[in-house]
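Novice: If you follow the hints, you should be able to join the two separate chains into one complex; please do so.
For reference, the chains in residue letters:
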Amino acid sequence: MIEIAVIGASWGGLNALTTVLSDLVCDELRATVVIAQHRSPESSQSVLPQLLGESSSAPVREASDKETIEPATIYLAPPDYHLLIEDGHFALATDARVQFARPSIDVLFETAAEVYGDRALGVILTGANADGAAGLRSIRERGGLTVVQDPATAERSAMPAAALAATPVDAVLPLDEIGPFLVRHCCGEPARVR
Amino acid sequence: MATRERNETVGTPAQARDELERLEIQLLLEAIFRRYGFDFREYAPASLKRRLSRRIDAEKLTTVSGLQERVLHDPAAMERLLLDLSINVTAMFRDPTFYVAFREKVVPLLRTYPFTRIWNAGCSTGEEVYSLAMLLEEEGLYDTTRIYATDINEAVLEQARAGVFPLDKMREYTQNYIRAGGKRAFSEYYVAAYDAAQFDRRLIRNVVFAQHNLVSDRSFNEFNVIVCRNVMIYFDRSLQDHVHELFYESLPTFGVLALGHKESIAFSPHAESYEELDAQEKLYRKVR
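Heads up: the sequence lines are chains A and B, in that order. Numbering-wise (this note's numbering), the first sequence opens with residue 3 and increments by one. Numbering-wise (this note's numbering), the second sequence opens with residue 13 and increments by one.
To be clear, the hints were calculated from the coordinates, so they are not data collected in a lab. Just to be clear, a hint being listed does not mean it is correct.
Covered stretches of chain B, going by a simulated chain A footprint (3 or more residues, C-beta under 8 Å) [to be verified]:
| id | stretch |
| --- | --- |
| 1 | 23-37 |
| 2 | 47-59 |
| 3 | 268-278 |
Some chain A residues near chain B, calculated using beta-carbon distances under 7 Å [stated by the list, open to error]:
| id | residue |
| --- | --- |
| 4 | Ser66 |
| 5 | Lys68 |
| 6 | Ala93 |
| 7 | Glu116 |
Chain B side only, calculated, beta carbon under 10 Å to chain A, not exhaustive [claimed, not checked]:
| id | residue |
| --- | --- |
| 8 | Arg63 |
| 9 | Arg67 |
| 10 | Ile99 |
| 11 | Asn100 |
| 12 | Thr102 |
| 13 | Met244 |
| 14 | Ile245 |
| 15 | Phe247 |
| 16 | Arg249 |
| 17 | Gln252 |
| 18 | Gln292 |
Glycine included, every Cβ here is placed at the ideal spot set by N, Cα and C.
Excised from the complex, chain B in its bound form (with noise of 0.2 Å):
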């Protein structure tokens, strides 16, 4: 005899509705797997939840549901949602005190090599990338560094690649990047065009971007750097432990990671491999 299951809810209609949309949320995700392969079930539930509110508003749909019907059958709507969940917001030079922590004690480390290479994972739209790449310039580490720049997503590769900024956005970056200690007047590195920065060609002469799944690809290389600063904060606990297992893997002993600035490495199963060269920016160097 069939049985009827049922989770009872008790609560509030609002309450009711979580509840619901939990579910969507589920079988969405699980959807997206089957169908797509890219793999978000194990991204932290919150912003998850608020990001998709926001595509869901931009479909003009007014379900988990329904949007889940509609990237199973439009694979361009799937690119959207893709570009939604995978776009990490951030600027150049984004917390100046970090960049000038990796000037004091990353660089005179980055000196020691012949050649170095840096990792930075999940780049998203470049500003890291770029903020990077005029740091080692400035630095004069930037012919002997090859940065690999990698992204879930193609599409914020592209962008990374075309090193367009909105034009409104230079004003805080160049008050970071005077705050990040910057050598030289930010304006030399971008040429002003209508409301776009085109950025310096020759400030990517040395990146490779490449499309690479922190959730499902393994290592490819040795880092003497990995870069990755608030992208985990999208991941759950037990998502974060396997990057963190992947960095490890990607770093030779006394490779550095660089994290945000609210990001902690005690809760990672590594935490013991790595000494802290700068605690408040979370600049780790591993040691074992």
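If we strip away everything but chain A, and leave its shape as in the complex, we get (with noise of 0.2 Å):
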């Protein structure tokens, strides 16, 4: 049972994200969901998660540091920090940029993968850059399910190409078929009819 899957994207993330956070519909989402989208430092603290929000059935907000990580819920890493995970809790870092970026996906991912091992889930979208590749080869070398959009559907392929080279993955996916993954991996099972 996967109870987290973080979300790396950069060029041309928004679209992406919208994309498969409207595909991520369900009866019952019992993962939490934690994104990490490169942006500008002075990007408004705002904007972004109501723009995600309005393509999402969960609520969508900026992780503070030590929030209580939630189930159901899907949290943005904040503008100009790196978002850690611990155990149980979110924390937060200004410590330099790694690979030009903070947030960057590769402390997300890497920190995600120590702490839930096999119940992790790591995807990795469009990106002009090589951020991710190690946290997704983090995830997978601790049991946790990858998936890669495939560089051809992605609005830039540099980083998606940069995660294939890096690590064998369970999955490369086109964009539309990312969500309903999610889906059967972080939601419950649906009723039965018998």
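Specialist: Now the structure itself:
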């Protein structure tokens, strides 16, 4: 059972995330979803969560330091901070950029991998750099599920391509199949009709 | 008869390495505390681990245990590690909107006092101290203000005193300064020399730089304002509670506490004692 899905996105991420979140529709979202989207330090605190919230059926909010990680909630790394996963809560850091990025997808993924092991799922979406590749490998090495957007369907292919070069993955999917993949792993079983 | 207790590791080889590393980190922090008195045992583990990894790479070592051996036998290596663990990366006028709110909501309060004491706790290399000094100078308050800038690490205080910052940061800082409501030309505050910017010494004429350890030292004065932004994010919850206690004791009624954008006072034991001056900018005022 997946308890946390971490998603990394960079250039083109807003469109890709909007698609994924609007496809993530189920009666009972069980997992926590955490997104690291590269954005400028000046970006307003409220706009991105609001935009993503409009396309999502679950609440979307920026994570605060030491905030308890709740299931069925979509969290976003705040601008100009690294977002780290600790046991049961988030932590933030203002340490130097990693791969030119803060928030760093690698930092989010590596810390999620260590805490959640095979209960973590990592998704790398569009982007023009190599962030997230090492993090996705960390998730894979700890038994978690790994998914990469098919570079051919990505607005920028470098980031998904770098992830595929770094690690074997469980699935390479076109953008419109990523939401349904998350539904299969992050939602409760729909009631069976006998 | 001796019994043998061992945590059986289940999981992948990478998880077995993680588990071993958690043990090594515990031992390292215990060793540093007992050998040097610096207590990092209640630091937030995830970022601490990343900082240790960077130091291990920089020392060309491969394990935490290797780092432990080196810092125990070589105080210079401990100095380098201390720098890694205590430097908080920040920028002048980081979060310009914070300084706008400070001008609008804190400055009017300060005008009602004949003299103001501000504590910049965990000042690191001083970017925030200089930013506050400029703001207060421009508001005509600096000559009745004393800023106490403290950090655990004497080496970063030395850098802060020197007031020399990389020239290539000035573009970013200038933009921040303008967006923060700066009233002059930012370049009036520094002189460029080679790849460095030397800031005006007059900016620190009312700054007292002092070593202070938020983990182990007591309150040392009463302050009208405490600025401690993005410092406690490196602490675990229990250490954060401890520091909140320290700040509570150091503020008079109506004293102001400024935290980072994503730090919430809601988790602190004194949450009920503060009211919001500006919720978005995490400016609080002690009311009881």
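Novice: Check each numbered hint against the structure and report the violated ones by number, ascending.
Specialist: Number 9 only.
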